[in-house]
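FYI, this note's numbering numbers position 12 of the sequence shown as 16, with every residue one higher than the one before it.
Source of the hints: derived by calculation from the structure; they are not laboratory data.
Misleading hints may appear alongside valid ones.
The calculated lysine-lysine pairs, modelled on DSS-like cross-linking and capped at a C-alpha distance of 27 Å, are [claimed, not checked]:
{"hint": "1", "residue 1": "116", "residue 2": "78"}
{"hint": "2", "residue 1": "78", "residue 2": "141"}
{"hint": "3", "residue 1": "78", "residue 2": "159"}
{"hint": "4", "residue 1": "159", "residue 2": "141"}
{"hint": "5", "residue 1": "116", "residue 2": "141"}
{"hint": "6", "residue 1": "116", "residue 2": "159"}
{"hint": "7", "residue 1": "69", "residue 2": "141"}
{"hint": "8", "residue 1": "66", "residue 2": "159"}
If you anchor each label on the Cβ, the simulated ranges turn out as follows [to be verified]:
{"hint": "9", "residue 1": "143", "residue 2": "22", "range": "32 to 38 Å"}
{"hint": "10", "residue 1": "49", "residue 2": "112", "range": "25 to 31 Å"}
{"hint": "11", "residue 1": "50", "residue 2": "161", "range": "22 to 28 Å"}
{"hint": "12", "residue 1": "42", "residue 2": "145", "range": "25 to 31 Å"}
{"hint": "13", "residue 1": "46", "residue 2": "127", "range": "21 to 27 Å"}
{"hint": "14", "residue 1": "127", "residue 2": "64", "range": "17 to 23 Å"}
{"hint": "15", "residue 1": "88", "residue 2": "66", "range": "37 to 43 Å"}
{"hint": "16", "residue 1": "97", "residue 2": "141", "range": "40 to 46 Å"}
{"hint": "17", "residue 1": "128", "residue 2": "20", "range": "27 to 33 Å"}
{"hint": "18", "residue 1": "71", "residue 2": "154", "range": "19 to 25 Å"}
{"hint": "19", "residue 1": "145", "residue 2": "75", "range": "18 to 24 Å"}
{"hint": "20", "residue 1": "20", "residue 2": "134", "range": "33 to 39 Å"}
Every residue, glycine too, gets a C-beta built ideally from N, C-alpha and C.
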Amino acid sequence: MSAPNHPIRRRDRALDEAEALRLLQEAEWGVLATVDAEGWPYAVPVNHAVVDGALILHCATKGHKLDNLAFNPKVSYCAVTLAEPIPAELATRYASVIVFGRAELVADEAGKRAALQALGLRFAPDHADVVAREIGKDLLRTAVVRIRIERATGKARR
């Protein structure tokens, strides 16, 4: 079964998929939405990197997020790059992207290291030594989640 494809109501604000994916690369963080075995949704803010067209996240090796992903790997991820109220118009300038995909744990050590390095260097590009040190220190107690993007939609009012 493929990712949901609900039409965007305000088509005049829709972004094409390439622009939506560019927004995802620009966004510093987003909200990962999963669902548990009882059907309860769980949304958690996390930071991310885009590596080889996939969304990369990291977390502890145990917890609510991983429990949900083990039950159901289908996820949604929302990131916002602009949110500016326009009080005089009772409106908001915004740019956002929503991604649908399937999450998987990166199991091999080399893959985890590469993903964590990409994530670390995204936020600390001038501190490769710190990134390498932290990866070496925390590799065994860090899980890496790769989300294979099946669909991305974006909207903007600029």
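Going through the hints against the structure:
With a CA separation close to 21 Å, the supplied pair residue 116 and residue 78 stays within the 27 Å bound. Between residue 78 and residue 141, the direct Cα distance comes to roughly 31 Å. Violation of the 27 Å bound is thereby established for this hinted pair. Pair hint residue 78 plus residue 159 holds up; C-alpha atoms about 22 Å apart against a cutoff of 27 Å. Under the criterion of a C-alpha separation no larger than 27 Å, the hint pairing residue 159 with residue 141 is inconsistent with the structure, at around 40 Å.
With a C-alpha separation of about 13 Å, the suggested pair residue 116 and residue 141 falls inside the 27 Å cut-off, and the hint holds. Simply put, residue 116 and residue 159 have alpha-carbon atoms about 32 Å apart, too far for the 27 Å limit, and the pair is violated. Note on residue 69 and residue 141: the hinted pairing holds, with a Cα-Cα distance of about 22 Å set against a maximum of 27 Å. Among the hinted pairs, residue 66 with residue 159 is inconsistent with the structure: their alpha-carbon atoms are about 34 Å apart, more than 27 Å.
Checked against the hint of 32 to 38 Å, the pair residue 143 and residue 22 passes, with Cβ atoms roughly 34 Å apart. Taking 25 to 31 Å as the suggested C-beta distance range, the pair residue 49 and residue 112 conforms, at roughly 27 Å. The hinted range of 22 to 28 Å is satisfied by residue 50 and residue 161, whose Cβ atoms lie roughly 25 Å apart. For the pair residue 42 and residue 145, the supplied restraint of 25 to 31 Å holds, since their beta-carbon distance comes to about 28 Å.
The given range of 21 to 27 Å is respected by residue 46 and residue 127, whose C-beta atoms sit roughly 24 Å from each other. Checking the proposed 17 to 23 Å range against residue 127 and residue 64 shows it holds: the Cβ atoms sit about 18 Å from each other. Between residue 88 and residue 66, the C-beta spacing of about 38 Å keeps the proposed range 37 to 43 Å intact. Distance hint for residue 97 and residue 141: a CB-CB separation of about 41 Å, consistent with the stated range 40 to 46 Å.
Distance hint for residue 128 and residue 20: a CB-CB separation of about 31 Å, consistent with the stated range 27 to 33 Å. With their beta carbons about 22 Å apart, residue 71 and residue 154 fall inside the hinted range of 19 to 25 Å. Taken as a hint, the range 18 to 24 Å holds for the pair residue 145 and residue 75, whose Cβ atoms sit roughly 22 Å apart. A beta carbon spacing of about 37 Å between residue 20 and residue 134 agrees with the range 33 to 39 Å that was offered as a hint.
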